[in-house]
Amino acid sequence: MLVYTLRRLLAFPATLLLVSVICFAIIQLAPGSFTDRYLEDPRMSPASVARIRGQLGLDKPMHEQYFMWIKGIVTRGDFGHAFGANRPVTTVIGERLWWTIVVAGITMLFAWLIAVPLGIFTALRRNGVTDALASFIGYVGLAIPDFLIALLLVALVLQTGGTNVGGLFSPRYIAAPWSWDKLVDFLNHMWIPILAIGTNSIAGVMRQMRANLLDVLNADYVRTARSKGISERRVINRHAVRNAINPLVSLAGISLPELINGTIIASIVLNLPTIGPLLYDSLVNKDQYVAMALLLLSSLLLIVGNLLADLALAWVDPRIRYG
Amino acid sequence: MRRMLVVLIVAAALAGTAVAQPKVMSLPELGIVPGTAGGTLTLSLGSAPPSFFYYGQIDNAVQALTAQTFDPLLEFNLANYELEPALAASWSVSDDGLVYTLNLREGVTWHDGVPFTADDVVFTFEQVITNPETRAGDSAQFTYTVDGEPRQVTFEAVDEHTVVFTLPAPSAAFLLNLRAFYMMPKHKLESIAAAGGDAINGAWPTTGPLTDVVGTGPFMYDNYVAGQLVSLKRNPNYWKVDEAGTSLPYVENLEYLVVGGTEAQTAQFLAGNIDALNISGAQFPNFKEQELAGGGFTVVVNEALFGSPPHLAFNFDDPTLGAAFSRTDFRRAIEYAVDRHRVIDDVYNGLATLPGTPTAPANGAFYEDTTGLMHMFDLETAASELDALGYVDSDGDGIRNLPDGGPNLEFALTYASDSQVFTDIATIIQNDFAQIGVKADLQAVLNSALLGTGLAGEYQAIIVALGNQPDPELRKPIWQPGGSLYYWHRSTQPQTEGGPVNFDAMEDWERRIYEIFDTGTVNVDAEARAAAYREWQVLNAENVPVIMIAKPSNIAAVYDRVGNFVYNLGVIPGYNPVPLYFVD
Numbered sequence: 004m005l006v007y008t009l010r011r012l013l014a015f016p017a018t019l020l021l022v023s024v025i026c027f028a029i030i031q032l033a034p035g036s037f038t039d040r041y042l043e044d045p046r047m048s049p050a051s052v053a054r055i056r057g058q059l060g061l062d063k064p065m066h067e068q069y070f071m072w073i074k075g076i077v078t079r080g081d082f083g084h085a086f087g088a089n090r091p092v093t094t095v096i097g098e099r100l101w102w103t104i105v106v107a108g109i110t111m112l113f114a115w116l117i118a119v120p121l122g123i124f125t126a127l128r129r130n131g132v133t134d135a136l137a138s139f140i141g142y143v144g145l146a147i148p149d150f151l152i153a154l155l156l157v158a159l160v161l162q163t164g165g166t167n168v169g170g171l172f173s174p175r176y177i178a179a180p181w182s183w184d185k186l187v188d189f190l191n192h193m194w195i196p197i198l199a200i201g202t203n204s205i206a207g208v209m210r211q212m213r214a215n216l217l218d219v220l221n222a223d224y225v226r227t228a229r230s231k232g233i234s235e236r237r238v239i240n241r242h243a244v245r246n247a248i249n250p251l252v253s254l255a256g257i258s259l260p261e262l263i264n265g266t267i268i269a270s271i272v273l274n275l276p277t278i279g280p281l282l283y284d285s286l287v288n289k290d291q292y293v294a295m296a297l298l299l300l301s302s303l304l305l306i307v308g309n310l311l312a313d314l315a316l317a318w319v320d321p322r323i324r325y326g
Numbered sequence: 077m078r079r080m081l082v083v084l085i086v087a088a089a090l091a092g093t094a095v096a097q098p099k100v101m102s103l104p105e106l107g108i109v110p111g112t113a114g115g116t117l118t119l120s121l122g123s124a125p126p127s128f129f130y131y132g133q134i135d136n137a138v139q140a141l142t143a144q145t146f147d148p149l150l151e152f153n154l155a156n157y158e159l160e161p162a163l164a165a166s167w168s169v170s171d172d173g174l175v176y177t178l179n180l181r182e183g184v185t186w187h188d189g190v191p192f193t194a195d196d197v198v199f200t201f202e203q204v205i206t207n208p209e210t211r212a213g214d215s216a217q218f219t220y221t222v223d224g225e226p227r228q229v230t231f232e233a234v235d236e237h238t239v240v241f242t243l244p245a246p247s248a249a250f251l252l253n254l255r256a257f258y259m260m261p262k263h264k265l266e267s268i269a270a271a272g273g274d275a276i277n278g279a280w281p282t283t284g285p286l287t288d289v290v291g292t293g294p295f296m297y298d299n300y301v302a303g304q305l306v307s308l309k310r311n312p313n314y315w316k317v318d319e320a321g322t323s324l325p326y327v328e329n330l331e332y333l334v335v336g337g338t339e340a341q342t343a344q345f346l347a348g349n350i351d352a353l354n355i356s357g358a359q360f361p362n363f364k365e366q367e368l369a370g371g372g373f374t375v376v377v378n379e380a381l382f383g384s385p386p387h388l389a390f391n392f393d394d395p396t397l398g399a400a401f402s403r404t405d406f407r408r409a410i411e412y413a414v415d416r417h418r419v420i421d422d423v424y425n426g427l428a429t430l431p432g433t434p435t436a437p438a439n440g441a442f443y444e445d446t447t448g449l450m451h452m453f454d455l456e457t458a459a460s461e462l463d464a465l466g467y468v469d470s471d472g473d474g475i476r477n478l479p480d481g482g483p484n485l486e487f488a489l490t491y492a493s494d495s496q497v498f499t500d501i502a503t504i505i506q507n508d509f510a511q512i513g514v515k516a517d518l519q520a521v522l523n524s525a526l527l528g529t530g531l532a533g534e535y536q537a538i539i540v541a542l543g544n545q546p547d548p549e550l551r552k553p554i555w556q557p558g559g560s561l562y563y564w565h566r567s568t569q570p571q572t573e574g575g576p577v578n579f580d581a582m583e584d585w586e587r588r589i590y591e592i593f594d595t596g597t598v599n600v601d602a603e604a605r606a607a608a609y610r611e612w613q614v615l616n617a618e619n620v621p622v623i624m625i626a627k628p629s630n631i632a633a634v635y636d637r638v639g640n641f642v643y644n645l646g647v648i649p650g651y652n653p654v655p656l657y658f659v660d
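Here the protein sequences line up with chains D and Z, keeping their order. Count along the first sequence from 1, then add 3; that gives the number in this note's numbering. Count along the second sequence from 1, then add 76; that gives the number in this note's numbering.
Source of the hints: derived by calculation from the structure; they are not laboratory data. Mixed in with the good hints there might be a few duds.
[Unchecked claim] Covered stretches of chain Z, going by a simulated chain D footprint (3 or more residues, C-beta under 8 Å): (1) 127-140; (2) 210-216; (3) 227-240; (4) 342-355; (5) 514-526.
In this text, a Cβ means the ideal position worked out from N, Cα and C, and glycines have one as well.
Please model the entire structure based on the sequences and the hints provided.
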């Protein structure tokens with residue numbers, strides 16, 4: 004196991020390097036550069052724009068910019084300079100990282116807390132009315148884009164005269180110290196993102212859980228447990244579900260990059276200070292080092308997520324061992 | 077008795093030096109009334125500020141914040157855009173137009189209590205504005221070419237309250253240019269400017285102490301929550317008062333919520349979290365409906381001076397169709413197919429007017445009414461004119477060809493896809509052109525890439541909107557042939573970096589416009605200058621270098637609790653009505 008883990012860890016740097024080269028090349032392929040935004044302002048002369056390009060290192064050839072950036076990461080942990088924010092990329096991302104984890108974490112938790120029991124329920128009451136209803140609602144949630152749900156919920160809130168439309172807090176609580184009222188206000192604002200982003204994953208997880216449980220319920224050891232006289236409830240909870248949930252661990256691991264990518268559009272619409280809008284803005288404005296760092300982060304989360312999922316699977320299921 | 081006399085005399089002397097020269101804001105023509113002090117006003121920023129240093133980057137958020145916390149030397153009269161004293165209480169110009177003497181307002185202090193003096197002005201111009209390293213400085217503005225040599229404007233602090241600017245050549249719009257620059261505190265920025273190089277752009281980061289960011293403006297920085305909220309509080313020693321002598325600004329706290337995106341801003345406004353919001357003609361019906369249903373706010377419409385009218389441009393140098401695009405008669409014929417009134421009615425919901433060419437109709441000093449010269453929408457005339465010029469369908473595929481069996485009159489029409497207005501205008505134009513046998517293929521780019529695409533010449537036809545300014549000279553790089561933003565006829569631009577403008581590529585009317593802008597810079601006779609710029613607009617209308625489409629009105633939605641509301645873009649230096657607002 005240890006050897007296996009070490010082997011996987013060694014593959015990290017090579018994979019990340021390859022990802023960074025591809026991302027950098029693709030970003031450079033887009034025409035224009037960050038300094039294009041300066042051209043319309045009457046204060047900017049072509050000479051000033053040229054000087055700014057020099058200051059930002061944009062006048063150097065592509066591969067030289069890339070090597071300088073990689074060198075910065077490896078030797079100083081410096082992920083480059085954010086052009087728009089005019090400070091190191093690490094501070095720009097770090098500022099938003101905490102809220103991203105909170106928002107994505109809560110929405111994922113909510114989605115799973117609903118989807119898994121619903122999956123169990125629909126597996127046990129297979130082909131019944133509840134099964135059809137739950138599946139239908141799940142698929143509707145999957146089909147409607149998350150930003151549309153967000154906009155509809157915002158419109159609903161406005162109709163009923165509410166003021167918690169977007170953002171994380173009401174204006175008067177933004178700068179206030181943490182208190183019970185502030186927590187209530189936070190939850191009051193969070194339910195829209197939770198519903199909008201969470202409903203997307205409910206259908207997938209629910210159906211997966213349902214399928215796994217159905218498989219397990221047909222297994223021999225479940226039949227044996229029942230014939231031993233164990234109550235149906237204990238059979239389900241102690242034996243069936245615990246085995247059925249294993250593949251979902253993999254699903255959870257692969258969902259880790261959703262922390263960044265899954266919330267982009269909904270965050271823009273709902274004005275949440277998370278990483279998603281940062282990635283979108285940096286790609287649109289060609290703020291290249293921010294975009295690169297975020298894409299690397301996304302790849303890192305995917306690789307780490309996969310590794311953790313595989314390890315967790317091996318830990319949970321004694322039948323699985325890696326060579 | 078004697079002691080009392082001494083005390084009285086000393087008290088009188090001290091009172092005289094307190095706030096020696098407040099400016100009285102009196103604007104009855106805008107409906108300004110004395111307001112009540114106190115309360116909180118909440119506005120919005122479209123994005124978080126990258127830093128609090130205005131000259132470190134070009135960014136809308138920091139521009140909006142700086143408009144409230146700093147002052148320029150001169151400012152606009154809010155009603156008629158005439159130049160008025162701001163930090164400079166009075167000024168005089170020498171007869172030869174080379175020496176400008178500005179007398180600074182006395183009794184002005186920075187937010188930390190340090191007095192504002194001429195040293196701050198000279199520091200701002202020498203170390204910040206004309207410093208080649210500052211990213212949002214403007215050293216080109218203060219460098220004049222005299223006899224082929226670049227010469228700098230010099231700045232001198234004659235005494236504590238007098239600054240002298242010496243120009244190498246006369247410049248008619250010099251004072252207007254001065255209005256665009258906010259004054260910075262020497263005692264806070266001196267050390268970082270002295271560090272040299274790129275360091276100055278890192279001044280006043282958002283992670284630093286707010287007490288460092290001191291200005292002379294109506295509000296000062298109070299708190300910043302990263303990415304969410306900027307709180308400003310009232311400057312009790314501000315140098316403006318209202319007619320009754322009450323110190324401005326009225327409101328106690330000015331908060332800026334960071335809300336990105338039109339939908340999110342609209343939602344926050346309708347929820348009552350923002351007090352005033354600038355909206356577009358497309359949003360007008362929705363807002364007006366809510367207003368009439370008792371939303372508690374009012375939709376305010378007025379004619380715009382600033383703000384960008386869209387135009388349709390053809391690439392004179394296009395390799396395939398440049399032979400047609402560069403001809404005035406072709407552009408004049410095609411102008412008949414541009415339905416301006418439909419754009420005004422359908423895209424802007426009626427909240428727009430016919431444009432100037434290109435000066436805004438609201439610009440009383442310079443606007444020339446050329447609507448009589450414009451070719452108004454008439455598809456039949458467009459078709460017959462194109463026929464007469466030889467653009468007929470010679471190969472029978474339904475699309476006109478260039479004369480003598482040339483290529484199809486089919487081209488890419490580039491527009492900004494993330495703007496509903498541009499998308500609608502492009503679609504209308506495409507449809508109308510199709511009816512006269514001209515095929516426009518829609519080509520989408522993002523708004524942020526639009527001007528870059530134009531400047532690189534990577535287009536055939538393009539819809540762009542460039543802003544208006546009170547003085548045409550401030551838009552010279554756009555409208556003077558060969559200018560850096562004269563993007564529809566790039567062959568007139570210097571062919572080598574820093575080289576001369578390419579006169580050979582210019583048409584006669586372009587040469588005349590070039591002269592008008594050149595003399596407009598130095599001509600100090602205001603009437604002759606205005607007459608020349610009017611001639612320029614007539615030339616534009618007759619030769620349509622670009623086809624101006626419409627001038628959108630300025631629209632804002634503001635809650636009834638806000639008094640003395642005057643529309644403003646928020647980022648124009650020298651135009652700040654916010655100190656006059658009050659809340660109930």
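Against the structure, the hints come out as follows:
Here the region 127-140 of chain Z counts 5 residues with a CB under 8 Å from a CB of chain D, which clears the bar of 3, and the coverage holds. Figure legend: the region 210-216 of chain Z, annotated as covered by chain D; annotation consistent (6 residues with Cβ-Cβ distances under 8 Å, at least 3 required). For the region 227-240 of chain Z, the stated coverage by chain D is not satisfied: 0 residues place a CB nearer than 8 Å to a CB of that chain, which falls below the threshold of 3. Counting residues of the region 342-355 of chain Z whose CB lies closer than 8 Å to any CB of chain D gives 6, so the stated coverage by that chain holds, three being the minimum.
Only residues whose beta carbon comes within less than 8 Å of a beta carbon in chain D count, and the region 514-526 of chain Z has 3; three or more means the coverage holds.
In the structure shown, a violation is registered for the earlier hint numbered 3 alone.
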